[in-house]
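> Okay, here's what each chain looks like letter by letter:
4 protein chains.
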Amino acid sequence: MTISIGILGATGYTGAELIRLLHVHPEARITYCSSRQYNGKPISAVLEFLKGYFDMELEEFDASAIKSRCDLVFSCLPHGVSMAFIEQVIDSVKVVDLSADFRIRNAHVYRQWYQEHTNPGLLSQAVYGLSEVYAGDIGKARLVANPGCYPTSVLLPLIPLLQDGLIEAHGIIVDSKSGVSGAGRGLSLKAHICETGESFSAYKVGHTHRHVPEIEQELSSAAGTSVSIEFTPHLIPISRGMLSTIYVKSPHTGDELKNCLQAFYRGKPFVRVIDSLPATKDVRGTNRCLIHLSKNETSGMATIISVIDNLTKGASGQAVQNMNLMFDLPEAAGLDYVPVFP
Amino acid sequence: MTISIGILGATGYTGAELIRLLHVHPEARITYCSSRQYNGKPISAVLEFLKGYFDMELEEFDASAIKSRCDLVFSCLPHGVSMAFIEQVIDSVKVVDLSADFRIRNAHVYRQWYQEHTNPGLLSQAVYGLSEVYAGDIGKARLVANPGCYPTSVLLPLIPLLQDGLIEAHGIIVDSKSGVSGAGRGLSLKAHICETGESFSAYKVGHTHRHVPEIEQELSSAAGTSVSIEFTPHLIPISRGMLSTIYVKSPHTGDELKNCLQAFYRGKPFVRVIDSLPATKDVRGTNRCLIHLSKNETSGMATIISVIDNLTKGASGQAVQNMNLMFDLPEAAGLDYVPVFP
Amino acid sequence: MTISIGILGATGYTGAELIRLLHVHPEARITYCSSRQYNGKPISAVLEFLKGYFDMELEEFDASAIKSRCDLVFSCLPHGVSMAFIEQVIDSVKVVDLSADFRIRNAHVYRQWYQEHTNPGLLSQAVYGLSEVYAGDIGKARLVANPGCYPTSVLLPLIPLLQDGLIEAHGIIVDSKSGVSGAGRGLSLKAHICETGESFSAYKVGHTHRHVPEIEQELSSAAGTSVSIEFTPHLIPISRGMLSTIYVKSPHTGDELKNCLQAFYRGKPFVRVIDSLPATKDVRGTNRCLIHLSKNETSGMATIISVIDNLTKGASGQAVQNMNLMFDLPEAAGLDYVPVFP
Amino acid sequence: MTISIGILGATGYTGAELIRLLHVHPEARITYCSSRQYNGKPISAVLEFLKGYFDMELEEFDASAIKSRCDLVFSCLPHGVSMAFIEQVIDSVKVVDLSADFRIRNAHVYRQWYQEHTNPGLLSQAVYGLSEVYAGDIGKARLVANPGCYPTSVLLPLIPLLQDGLIEAHGIIVDSKSGVSGAGRGLSLKAHICETGESFSAYKVGHTHRHVPEIEQELSSAAGTSVSIEFTPHLIPISRGMLSTIYVKSPHTGDELKNCLQAFYRGKPFVRVIDSLPATKDVRGTNRCLIHLSKNETSGMATIISVIDNLTKGASGQAVQNMNLMFDLPEAAGLDYVPVFP
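Protein chains in written order, with the numbering used here: chain A, 61 to 402; chain B, 61 to 402; chain C, 61 to 402; chain D, 61 to 402.
Chain A with its partners taken away, still in its complex shape (with noise of 0.2 Å):
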């Protein structure tokens, strides 16, 4: 079998890692790719390292040569954006939407965070691509919403954590350090090598960031009531990798949360539980996450780092992961990757 691909807004950083990740993916192969503002040219005049590896015209967004020619579509729209082109092929092709539009189940926090939801009804088809946790409804999901990438380096530590009731379901604190490929390919002063290189600073701080709510609608639905977290994002002066530091309380001792989190992630290809002290190095260029605990036994807090490829695993890495589920075939195709290191 070979999975016609689609990408919807292909140039910017998350189109650009889907396209390097399904350049080696051996069922898949990329048949069409759009650009709103590029269309016409060939892809790589606007991403140039890939001159000779993928020259693909981009066109316009065209539902009808969408169903013709993909099995599935990837959108890299942004968010607001993605669900009025999701809709109109959605009947015919599989989609995975990188943007946040079916992230959150709820049309009214929806609109709070971001504006108001254009199609409230394709929102209770669209299953959340954590794919660890959710593999079996991804399965069978025609429109699967790959989660946001801080939500991705916070769910996986603490979601088996909160099911298995381990920990408490209050007071959890997020402290998340970010490479500025997260912020996309705009062009701002934050993204300026000159200002945000040899620096380090927090941004959106005090429950504003728009991945607050689809953290603590995951984390509610894990521990089973109603979750709200203190979050804080930070930049780090690098392209990619994300780390989360995580505090959370628990009347359990430090090895019984590491055994909660290892049985949860056994036989799962990307996800470890280590006693080393992960870096964002580690798991560059890969679809891995990487998960430290340690436990203050006097205080009760334990501090739970995670490390992760904002790009990869926290977005189209995972974004292929999901397509592997959803096409039945083995969840790591294409994605068993050793880091690029040093």
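These are calculated hints, taken from the structure and not from any lab test.
Take the hints with a grain of salt, since some may be wrong.
It does not matter which identical chain is used: a pair holds within one copy or between any two.
[As the list claims (entries may be wrong)] In silico DSSO-like cross-links for lysine-lysine, where the CA-CA straight-line distance does not exceed 30 Å:
# : residue 1 : residue 2
1 : 328       : 264
2 : 328       : 111
3 : 111       : 101
4 : 127       : 200
Let chain A serve as the given structure and place chains B, C and D on it in line with the hints.
Chains B, C and D only, in chain A's frame:
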């Protein structure tokens, strides 16, 4: 007045920073530099960028030379070593110790975290050199224990709030990030640009970093009750800069908390409470500390961000500020810099 | 004496650097800052790290205000714009122009590389502000054309050698590398940390960079014959720093060449000929230029390495040095810094 | 066919890169890894990011084990050490030597630049492993001397032009820039992120770098006459990436020179001659070499820019490419990657 200055262990990063700052200080003159490893060489053979600026010959430690040539000595020696040298000169010269040897008031606690203290008698004479908090005592001190970098970034925002009883003394979480220069000039894979560059990681998680007892000592003193914290240090792939993200509980509004901080630091030249989010670059090379506070009124948690340059306000800059206080000079003498931006 | 200073176009990187340097200058005081884009705002709203240091309100360009409030104006305006403003104030105030508008003595050459010159008459009054070479003329000048960064790094090592006829005037190859701040604060993918960070590239190869005619003008003047160079600029993924590697032919020994340079720069505070290999970090934030020369006696080629900070000696630092010369102050007044290391 | 692979000195950067590349190679399987320093440990204890991917136990060098378990050995041992081990196995297994021991055909020249050669007899059997140039010989070789990183970046653009007599053989100037990983995993201040980060410098100027005789040997061979170059290597503050800027004289037009290169590399999978200016990021993690050429028709000088990843095409990637040639596999087997961008 010109103060004659000696620097013990002058060839490391804090020594180099002292030389940079004192070079333009209106009232100080370096008259003695020691190095165990490089004595006999000009310091500019070890710190090549000093060539032509400052070529003083490095000498072996010599108590009588120090006594005859110095009014004040900065010790940049490692902990455990520093106290043995300081005790030989403290009867004749003032000392600012940048090591940890006189920071911990309780010799028993010092032994737990470091080693046996060889001069507990001297401990009681030492003043903790957090300039903005202990200015009065520092002014009268012979021996000042210059604070660690992490403690400086944590204590400046928290002490006023604890002293006024505006935040809860338990459940404080400190998530700190530091440039690599904090680890000094020694060689290790942790400082190898290929391993630490383009990466981000935590280290010494779970109440194990040696700055923990120093922070807890001062927070407890401010709160009037024993304070325990969770503390996670991280490495930023840059040379200089430190940002601490601190989570505290409070029944008071964000404005009340900010007012407290603003009142405490009114008229102090180096600490500012600001509404925008500070970056480490905003203070690079300066003796400043910028503090941002935001309150999540729903959860009752405040998130505090503080930034310093770990080598300036976190080490040598604060040491010079303490010298100014000890010699009754204007607090900002020789320290009134604009950051090197960008 | 206190010199009253105006800065035109104060919110870019050279403006920010001027403010940093003048903040500690013993004889200068900034009395006027203009910005077309941000007039009416405090400058610290645009350059946030200045908050509390320097909050002067940005004004629109106003010739009469400048004449009444300033002794000297630094123009940080873009080329093509700068000359139009300078001509309105040059009768009353001295001007150091950091743009290219008065660097090229021949209006025809200026037009070839830039655009039509709108005030060729003023050209003849301008002195090229390479401080170490033209100190005498600069001291008497009303209008100083501050050199470009690449030209400064190339001319300082080459002019003495060409003046003394020690190297061949043809076949000079200049391979230069610059930090990204040289391209200014404007937004472009070239300055995006994800594209330029962790990478290295050349740009404007093959005699196309606008600093070429400026370099060739001054080399020709020094050689007494027309000099053409090969010039390749590159981008280093850092903010500040410039290194030029220059290849020249010479029948003389390396020692003879070094002696020539050392004699030329004896007693000059900012240029040093050194035996070790300089790094850009050795001069970061300073007005220094370090020069290394090695000779391949077999081939007859000398390799010259020079380093400067592109924003300091390559722009605003040299501008202040020129101000010092124009007001008969000590050449190093306000510029005697040790680099921020590490 | 599955080739059984041994790696000698597997824990350095070139060893790690071999493991990354072979992990996804369709026809290779690592069956033996040696380490003098860490034998007995799993390799993932030394290269932690391999944990779970590749945990093979490191063994002492054992010639009989190698002979029984390997078809081919990659030697990542240091020069001077490598030859002593290779001679013990070369009768039974094929070898790709990543050290310099068999690159210099003339034992006398080897002694001048390195040390006494202990097996000059074996020298004559070795084939220089510049894949695109010596593919035929490599295919028949038992012992391949894998080229150095600088030589690879210089020889690929120059050999075709010299072979066709299109450029002058004298006066070639090579200005190269390398990421720090080229210096290996050893500890030194040169690799300390605080010293090398945010900086740029040259090293081993003036015909002193050990890659000079290797480059000159191959250029001379291509030109049919003795070629001497000027060569200056520089350190870029990044981990991976190499860019060489090469200046050559030619009576031919830029188009003629580009046509020669394009004809030479037509159908070769890894080398491209491109019109845009390449960045090291365009080839990061790949086995590619991108070449740009521009001609200054006035001066007769051509400026050539080539980029490679110093650890891939400059070391382990080319080593795998050579393995493919030695086993008659498709040249790009296991090497057809898109770069990790951004």
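> Indicate, hint by hint, whether the structure satisfies it.
For each hint, the structure was consulted:
{"no.": "1", "hint": "328 x 264", "result": "between (33 Å within a copy, 28 Å between copies)"}
{"no.": "2", "hint": "328 x 111", "result": "between (35 Å within a copy, 15 Å between copies)"}
{"no.": "3", "hint": "111 x 101", "result": "within (12 Å within a copy, 42 Å between copies)"}
{"no.": "4", "hint": "127 x 200", "result": "within (19 Å within a copy, 51 Å between copies)"}
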